[in-house]
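Line order of the protein sequences matches chains A and B.
Residues 1 to 116, numbered by this note's numbering, are exactly what the first sequence covers, in order.
Residues 1 to 110, numbered by this note's numbering, are exactly what the second sequence covers, in order.
There's no promise every hint is true.
As the list claims (entries may be wrong) - Listed next, with one range per pair, are the computed distances between beta-carbon atoms: (1) A:S58 with B:S46: 32 to 38 Å; (2) A:M26 with B:Y31: 17 to 23 Å; (3) A:E68 with B:K1: 40 to 46 Å; (4) A:R112 with B:P82: 24 to 30 Å; (5) A:E18 with B:V107: 35 to 41 Å; (6) B:A29 with A:G42: 18 to 24 Å; (7) B:S12 with A:L38: 22 to 28 Å.
Unchecked claim - Computed cross-link-like contacts, DSS-like style, restricted to lysine-lysine with a CA-CA straight-line distance of at most 30 Å: (8) A:K62 with A:K51; (9) B:K42 with A:K62; (10) B:K42 with B:K102; (11) A:K71 with B:K68; (12) B:K1 with B:K42; (13) B:K102 with A:K62; (14) A:K44 with B:K102; (15) B:K68 with A:K44; (16) A:K51 with A:K71; (17) B:K42 with A:K51; (18) A:K44 with A:K71; (19) B:K102 with B:K68; (20) A:K71 with A:K27; (21) A:K27 with A:K44; (22) B:K1 with B:K102; (23) A:K62 with A:K44; (24) B:K1 with A:K62; (25) B:K42 with A:K44; (26) B:K1 with B:K68; (27) B:K1 with A:K51; (28) A:K44 with B:K1; (29) A:K51 with A:K27; (30) B:K102 with A:K71.
Unchecked claim - Here are some chain B residues pointing at chain A (derived, C-beta under 8 Å): (31) L11; (32) K42; (33) G43; (34) L44; (35) L49; (36) Q51; (37) F100; (38) G101; (39) K102.
It is worth saying that the hints were derived from the structure and are not from the lab.
Even for Gly, the Cβ is constructed at its ideal location relative to N, Cα and C.
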Amino acid sequence: NAGVMQNPRHLVRRRGQEARLRCSPMKGHSHVYWYRQLPEEGLKFMVYLQKENIIDESGMPKERFSAEFPKEGPSILRIQQVVRGDSAAYFCASSPPSGGLTDTQYFGPGTRLTVL
Amino acid sequence: KQEVTQIPAALSVPEGENLVLNCSFTDSAIYNLQWFRQDPGKGLTSLLLIQSSQREQTSGRLNASLDKSSGRSTLYIAASQPGDSATYLCAPYGNNRLAFGKGNQVVVIP
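Build the full structure now, drawing on both the sequences and the hints.
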């Protein structure tokens, strides 16, 4: 069973461009979480999704950021019009259908976004 | 809002010593608590999960305790090895999310 997959592993964008980060959860997992780790900071929650539903997006900036987890395919975190402050490592985690209440969250290797 | 504090922030120990890493959190309304390991530039590796109803969980040389009412968890690593050098993160789960502190950065000296 492959682990959580994220791509790309490294992404460089210029200010004003769009960044698309992909996350494929572990097989059989239907819950996906996105976290962001700014330099020298701890990981911060961004959004929690189930298939075709956003459950909690309270950690995500209201503007420029969006996330989806379609019925088919990976979860996508999209950042429009990137700014230098968006430079960070973005981690995706997945858990089985019971969600995080009793189950381990498994993390992907992260996407390191650099905004020039 | 859940606040997580890990003490000490950094420590170096000689190989063979036991490690004690402390974590405190402000909101005791949690479902579980995970300990992770993060190597530089890498993702997080789950080490242990303790359910809110449990007091302790063990895996090999690792033992984690949880005192939910006082908002504390401790990770013990027995007989440390150089390969244990990493940052250890404590993360209580509640309110649809894991909350993280800045971690305990551990160096085990051969």
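Checklist entry - Hints broken by the structure, by number, lowest first? => result 1, 3, 11, 30, 31
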